[in-house]
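For this one, chain A is given, so just place chain B on it according to the hints.
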Amino acid sequence: MFKRFLSLEWKQFSRSSYFQKGIAIKILLILAALYFGGCFLVLGTSAFFILEDTFPKEDPVTIVNNYLIFWFLIDIAYRYFMQQLPVMNIKPYMIIPIKRKTVIHFLLGKTTVSFFNFLPLFFFLPFTIVLLVQGYNPLNVVAWFFSMLFFTLSINYLNFLLNKNDKIFYTILTLLVAGVAVEFYDIYPLAEKAGIFFNTIYQKPYAILIPLLLMVLLYRRTYSFIRKGFYLDAEISKKTETVKTSELNWLNRFGRIAPFLKNDVRLILRNKRPKQVLFMSFLFLFYGLIFYTNDSYNSMPAFLAFASMFVTGGFLMSFGQLVPSWDSEYYKLLMSQNIPYREYLESKWSLMVVAVLVSFVLSTPYIYFGWDIFGMIAAGALFNVGLNSFITLYGGVLNRVPMELNVKAKAFSNTQGFNPTQLLIALPKIFGPMLIFYLPYKLINFEAGLIFLALSGLAGIVFKNFFLNKIEKIYQKNKYKTIAAFDEKA
Amino acid sequence: MIHVNNLSKSYNGTTVLHINDLEIPKGQSFGLVGNNGAGKTTFFSLLLDLIQPSSGNITNNEVIVNESEAWKPFTSSFIDESFLIGYLTAEEYFYFIGELRGQNKADVDKLLANFEDFFHGEILQQKKYLRDLSKGNQKKAGIVAALIGNPEVIILDEPFANLDPTTQIRLKQIIKELAEEKNITILISSHDLIHVTEVCERIVVLDKGETVKDIKTSEATLQELETYFSR
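Sequence order for the protein chains is A and B. Residues 1 to 490, numbered by the UniProt record's numbering, are exactly what the first sequence covers, in order. Residues 1 to 231, numbered by the UniProt record's numbering, are exactly what the second sequence covers, in order.
Chain B extracted, bound-state conformation:
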């Protein structure tokens, strides 16, 4: 589904990301871990064509992302709060995203009904603008918005950060269910090794912009990661 060819990104001569070759097959749940500055967000930004690669490229379903926009209809993402429109209510925001992705109100409502537990009564019918919601609730709205319109590729940057324990557990459940569907490729970055090993089939460790580990998740993975990061 996603193929990375000789991708690199540098600012003023300092290389912040360099991935020679990385293939993410369709339907995989893919986890990205690494310390601050390892290049996780840079990689996601490149994948969404928000920054320009210094060399190489990424193809998403055969589409070269920095040359064509044809990847947009089947790709969705939530990176940070700048993906929210602060002056809309959560409903208005969902319907807006829905309209962009060819979903009418009824479609969106149907999807939202599945997330009642996840929202925990704090998102819908709140009579509040998104900018006035707490960080955790903003994140919930953003994550669910990324699931609107049957995307084939879902990119979530640190989805677990800022969420309360209950919501973290529910989110893990949601991601697992998504991962079971064969046609959804899901990319997640996280600082929480336990979460990421629980929900991802494959984990790649980035360090200073390079891939240093590429692990198929197993019982031993958490131990392996903990050993690596406590060096």
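For reference, chain A alone in the conformation it holds in the complex:
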């Protein structure tokens, strides 16, 4: 039976439209997978030596064990967003004579071979090998390795149970943030305490039973969870959400574009995919931390200009590059209704501008890094509003990928909205602010760079009508192509 399921899965995979969509995307995906795998591999092989050099007094294994708690918490949080539950199309199997047991075991077995379970192995396996080569007790090391594997799989099944529940997820996220804060500001040695647990597991090989039991328990729990829901009216049918209606009358002040704005606000609040984008763009706010805290970038202000643009541009870019794909599900309606493209575009533009302003306000804590940095963020925000918004909207028109609004994006199959054109469009977004800043900076001084970057944005706002007209023309030119493309279900 499993064999037959596997062949069905293979057909579903190889015949799905995104699979047949061009070699470039496949290569990029493989590259991305290789990249992440490679990063972990390098980390796994070198972690031992790095830790040994940095903390010569401590045992690298102990240090790793101390921080495992964060590793696993991050794993849970990350999976919640990226790992999609492999909801096999159960319906057709409900009425044909296959044991439910078989279907559920297959379903769970399928999640076990997920990329998310292999990724940690890219770290743990080389790390374990290094330990063995370094002459650590093989029994302890091997038992530890399998414990890690079991923990990872436990998280995998746990994710199944959690994915239905936002509250638990946010609790874990809060725990994670609090844990990092507590550790970072030396309030409480959380890592050390949690490390006791993992170190014990390392020192007493028979303790492998703990994660093993945990894994078995969670597997059984998940099994019975699915078993109970194996009816048409239970988990398989999609849940009907209770509706929270709101008139959104405060948006009426935007005049002509108000109806579209209301729709867009509802679009974002009521669908899974846009919510995901909203969350991701929130993370962009922290992008600056990587750059501003790193001394090597301080001598390369052009990179800082790029980072500053990212701080306020997260939503703008991730939402904007999928205009009009967001409306793909009902694009035919929009095209046959009494809708001027212009107002449609302006609504999206306004939304993006508001997002930039909100991000800008939220980014005020960056003043901590000095007014130079904050000035850069301000100039970057202006660039986003005036130029980046139009470049992104322009890229979106050429995108033409249908999108299922209420389905979360899958990790590593997230080809929706990704093609070579997007890459080309990304170039001016990335190098634009760098160049606009760098030339006057090199020729005159830092302030001149800022002023030029800010002015470029202001110029964009002045020429708003010109840009919108251009984009509108492309919309008109591509109308039929877009309708046809959106008609193909993703």
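It should be emphasised that the hints constitute simulated quantities derived from the structure, not laboratory data. No false leads were slipped in.
Here are the computed distance ranges between Cβ atoms for each label pair:
#: 1; chain 1: B; residue 1: Gln125; chain 2: A; residue 2: Phe254; range: 19 to 29 Å
#: 2; chain 1: A; residue 1: Phe118; chain 2: B; residue 2: His120; range: 45 to 55 Å
#: 3; chain 1: B; residue 1: Gly102; chain 2: A; residue 2: Lys110; range: 45 to 55 Å
#: 4; chain 1: A; residue 1: Val361; chain 2: B; residue 2: Thr14; range: 52 to 62 Å
#: 5; chain 1: B; residue 1: Thr14; chain 2: A; residue 2: Val42; range: 51 to 61 Å
#: 6; chain 1: A; residue 1: Phe118; chain 2: B; residue 2: Asp107; range: 55 to 65 Å
#: 7; chain 1: A; residue 1: Trp71; chain 2: B; residue 2: Thr14; range: 54 to 64 Å
Beta carbons: idealized from backbone N, C-alpha and C, even for Gly.
Here is chain B on its own, set in the frame of chain A:
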């Protein structure tokens, strides 16, 4: 009202629709029947400028539909579920369409009040998004939305499919009432010969993209159609 000139649509050399000349006068209730693949939806899509004609064109009230958008204010349609915005409630959807067609909330409410029977208490105040309604109820919402804003041309693709018997009867009543108003041109496609003969003054049969029959509806029409389709 609607005039078709040498219209054809082909994909990779295969012609799926070819209509030389077809005139639909203002106020007519016009029915389109044909088996699957006969070109009904293709014709409606061309009429709404959702696909591009391979040759010829359609004029809607003197406006060439694939050259100007001036037909949009007086034309409305419901073709399939992709005309619904799934994450809105029915009310929100009606008001949105209303705003696009220059109708305020009160106007829309007034219109909706006429359809209380048709909705059968399953559309309004449901606290449900359109995507969570059943297929039949989605269709009801879509059809009524197509009547918002005093359109002069109404295009409905298979409006009777998926509806329960009661609603089918009510819909027939609604279409008949609309047809009586002299300035509304209504275009319907259907697989149900009885329904279409009941509500349409004129019936055109499409087969493999060509018009094979053009009948002014009379007592004998149903028989004629049944004979034709049982060939």
